[in-house]
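If you read the protein sequences in the order shown, they are chains A and B. If you're matching positions, the first sequence starts at 160 in the numbering used here and goes up one per residue. If you're matching positions, the second sequence starts at 133 in the numbering used here and goes up one per residue.
FYI, nobody ran anything at the bench for these hints, they're computed from the structure. Since we're looking at a predicted model, the values are computed, not measured. One should not assume that every hint holds.
[Claimed, not checked] Think about it this way: if two alpha-carbon atoms lie no more than 30 Å apart in a straight line, the pair counts; the simulated DSS-like pairs of lysine-lysine are:
#1 Lys146(B) with Lys464(A)
#2 Lys464(A) with Lys290(A)
#3 Lys290(A) with Lys146(B)
#4 Lys464(A) with Lys220(B)
[Claimed, not checked] Example chain A residues on the side facing chain B (calculated, C-beta under 7 Å, incomplete):
#5 Arg199
#6 Arg414
#7 Glu420
[Stated by the list, open to error] Counterexamples of contact, computed for chain B against chain A with all Cβ distances above 12 Å:
#8 Val149
#9 Ser153
#10 Gly160
#11 Val166
#12 Arg167
#13 Ala176
#14 Lys220
#15 Ser223
Glycine included, every Cβ here is placed at the ideal spot set by N, Cα and C.
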Amino acid sequence: MSTTRIGSGAGFSGDRIEPAEDLLRRGDLADIVLECLGERTVALAQQRRLSDPSLGYERRLPARFARLLPPALANGVRIVTNMGAANPLAAGQVTRDLLDAQGLGGRVAVVTGDDVLADLDLDAPAWETGKPLREHGEIVSANAYLGADALLPALSADVVITGRVADPSLFVAPLAGRLGWDVDDLPRIAAGTVVGHLLECAGQLTGGYFADPGFQDVPDLHALGFPFADVEPDGTALLGKLPGTGGLLSRATVREQLLYEITDPAAYLTPDVTLDVRGVSVTETGAGTVRVAGARGTPRPGSLKVSVGYRAGSKVEAEISYAGPNAARRAALAAEVVTTRLAGVPLRAEVLGGETDCRLRVAAISHDQDVLERVGDEVESLYTNGPAGGGGVRVHVNEVIGIVSALIPRDAVRPAVTFLEAPDAAA
Amino acid sequence: MLLHELAHCRAGDKGNVATLSVFPRDDGDYQLLVRTLTADRVRAHLAEYVAGEVVRHELPGLCALHFVCHQVVDGGVTTSLALDTHGKSLSSRLLSLEV
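In isolation and in its complexed conformation, chain B is listed as follows (with noise of 0.2 Å):
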């Protein structure tokens, strides 16, 4: 199934860095997010817009885990050439990931 059934994301940005958090819609859920939402597989489902190291933060006091992506590609909201220069979207396309 889509991690969009299983989990919400929110989007941040500063500089040419995404950050990611994902947050299972039912706390029972983490430890399979956890398993399964490795910073290799977010990085590569990415691909397309991260260029650089995807690192993971556990977070299990909030149920959430929190990846901070590297150069996102196109790198940066003042000179990026992207529709979406803040990489908001890139949230929702997380949740396009098969768990």
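Isolated chain A (complex conformation) (with noise of 0.2 Å):
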């Protein structure tokens, strides 16, 4: 086995679409990771899903794989992602139906099985209050972290379409694949592991959330280019981008998204192994490459993780400016008319911004309708009841899923894969 090249060409749902191109084009990769999937976004797509059938996966799919799939499918690049979102099935027939119309052909692979609301335990505690799942509200979504093994049947497609599977492994199952790894064999699983979490924040790891001006640099932040992997069969990785793309790739910001959400260095849990980053070593190459070797494994824990998605009512923003001298002490003085006026609605009142130029922002979650509408009200009122000069009023009322988590043994999560064929090779 020789060395293989992974791209990252998403690191959230609302990621730019152009650098993944870019790497498709020319980035000579043999796969691209697209991991489009938050913890709320889930619960969102399953509320679309609710409201129709035929929805519940990332709504952005449809504009990114009709720029994507003509280079990937060209270029012979597999593309994975977790765009399938709440309705895997449903996103890997839009896929085959983009495939067909621009007569691409190619194979698409689903995997389901993370979707455990049918057969999770509502009166288990949730990790983070204690308190039974079902006391947090109307449970909306229940869905498992699959692991790399779930993909790896899936591989033999040209893109590979999951729900929720734990980032790294987005990354771990297509390297496992290419470099003939098996999924016990610790040492690599674990670099594979380190490899996927550097990359699946994207930009993340290539100068962006990064610059800080006069103290940390980054050239042609506006164009930044997303980074890749040349992976070697122990796991030792180079990371790179490609000439003439904007960002930093350097040991600052590979050290700075290799602890990035990391709770514990020494046993970072994912559905593949116990991960162990304290012996990575990050070292420059020069010509721009960092190689990343040392990570160390122990067995995967025995249950998975469960992100349980719960209707948490909807929160009520509201905000007002005031600027000029003494606009701080006029700013405190419509927070304290706001929270006299609204006295007994759980809120917070704060004052954001310098002396000479605040904005008071009033926020409260609640499932009654009458408070939602009262909150912005009284903010809006201050127009012409509140201190003086108060302008610039904006109220935003949005819903709320919000999101325990829960465990489950390993045995109760049937993952799957479904083919969808071009419609010749099915002839």
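Two chains, two separate frames, one set of hints: put the complex together.
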């Protein structure tokens, strides 16, 4: 087995499309992973599926794939993505249709089994609160984080679509397939998990979320390139980005991403491995590449994490600005007026900004539509009833899906793969 | 001087836990950070935002101090009333600490 190149084409649902297009056209990749599913995204997607059974996949999938499928199929780059969200099979069919409309052929694989709402014990306690799951509110989704093993049977496809899968596992599976790794090979699965963890946020590795003018300057931030990794059979990785792209790939940016969201550097739990990053080395090799090695792993946890979404009501956020001399005191007075008039309503009122340019922000979450409207109305009525010079009122109300976590035994989760063949291949 | 002169920082979040990784701009300042940037100091500096325990992990191989902050006030991205629901700006707030 020789080195394989895997790229990162999206780090979240709203990510840019052109860096992925660039990687597909001239990156000489074997695989590209698009990670588009945040904690809440799947619960929101579940809501869309409930209102229309043909929906519930990532809503930007058609726009993203319209641009990415042609170069991927033309250059033989396999796509792995969790854009299936709450409805991977529908996402697979949309992808099949997009491929067929453009005469691209290809094979689509859909990984299901993460939706465990029907099997979850709602009397089990949530990690975060210790309270039984059902006491948080109406439960609308429960998705287990599948591991790389669930994706392995899908790897013969050109496009692999999943729902909830642990982010690093989206990378570990194609790496294991290309490099012939066994899922029980702890050093290699640990190394692949580090590669996945580094790449999963895309531009956050290559200078995004890093620039601090005068202290950490990033060239051409407006044209940030996304990263790829050349992974050797032993798991050692050389990280790079395409020539001519903006951004910065350095020991500093890689170290920041390595520890990002790691709650225990000695034991980071994924469905594939218990990862120890303490011995990882991060070395600039010159020419803008960074070498990463030294991950260690112990066996994977016996249970899978489940993200449980519940209806938490709606959040109202209302704001008004004050400027010029004494602005901070006028904003504070405005806050006092609102909190006095809304006495008894649990809310957060805070004055943001400096002494002479202030914004009062009032926020509350409630299931009660009247409360939500009153909070917005009280801030708006500051225009003519509050302190001098208030302006720029904005009121936003959005439904809130709360997320809590639980564990589910592995054997209660049954991943499956469905292939959607091109019409001529099926004939 | 401000910690910002000596170090850069990345915030991450998982539920109502925030992670803050601090890296000296010059590896030679790592021991200075180990001595001065204790979990207690970080917790005191961020007391307005962190209600629970702050655990410090020393990672000499990476030249990093990694702080895991529990019970970020108003807890958790999904139901928080804060403007920055993720607590992403905690990284820069930490860098305003005097060292």
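Results of checking the hints against the structure:
1. The straight-line distance between the Cα atoms of Lys146(B) and Lys464(A) is roughly 13 Å, inside the 30 Å bound, and the hint therefore holds.
2. Distance check on the hinted pair: Lys464(A) and Lys290(A) sit about 17 Å apart at the alpha-carbon level, within 30 Å; holds.
3. Restraint check for Lys290(A) and Lys146(B): satisfied, since their Cα atoms lie roughly 19 Å apart, inside the 30 Å limit.
4. Taking the CA atoms of Lys464(A) and Lys220(B), the gap is near 24 Å; set against the 30 Å cutoff, the hint holds.
5. For Arg199(A), the shortest C-beta to C-beta distance to chain B is roughly 6 Å, which falls under 7 Å, so the interface hint holds.
6. Residue-level restraint check for Arg414(A) holds (minimum Cβ-Cβ distance to chain B is 6 Å; threshold 7 Å).
7. The interface hint given for Glu420(A) holds, since its Cβ lies 4 Å from the closest Cβ of chain B, which is under the 7 Å cut-off.
8. Distance check on Val149(B): its Cβ comes as close as 6 Å (rounded) to a Cβ of chain A, failing to clear the 12 Å threshold; non-interface status is violated.
9. For Ser153(B), the shortest C-beta to C-beta distance to chain A comes to about 4 Å, within the 12 Å cut-off, and the non-interface label is violated.
10. Every beta carbon of chain A lies more than 12 Å from that of Gly160(B), the smallest distance being close to 15 Å; the non-interface claim holds.
11. Every beta carbon of chain A lies more than 12 Å from that of Val166(B), the smallest distance being close to 15 Å; the non-interface claim holds.
12. With a cut of 12 Å on Cβ distances, Arg167(B) stays outside the contact zone with chain A, its closest approach being about 20 Å.
13. With a minimum CB-CB distance of about 21 Å to chain A, Ala176(B) clears the 12 Å threshold, and the non-interface call stands.
14. The Cβ of Lys220(B) sits about 8 Å from the closest Cβ of chain A, inside the 12 Å cut-off, so the non-interface label is violated.
15. A Cβ of chain A approaches the Cβ of Ser223(B) within 12 Å, the least distance being about 9 Å, so the stated non-interface status is violated.
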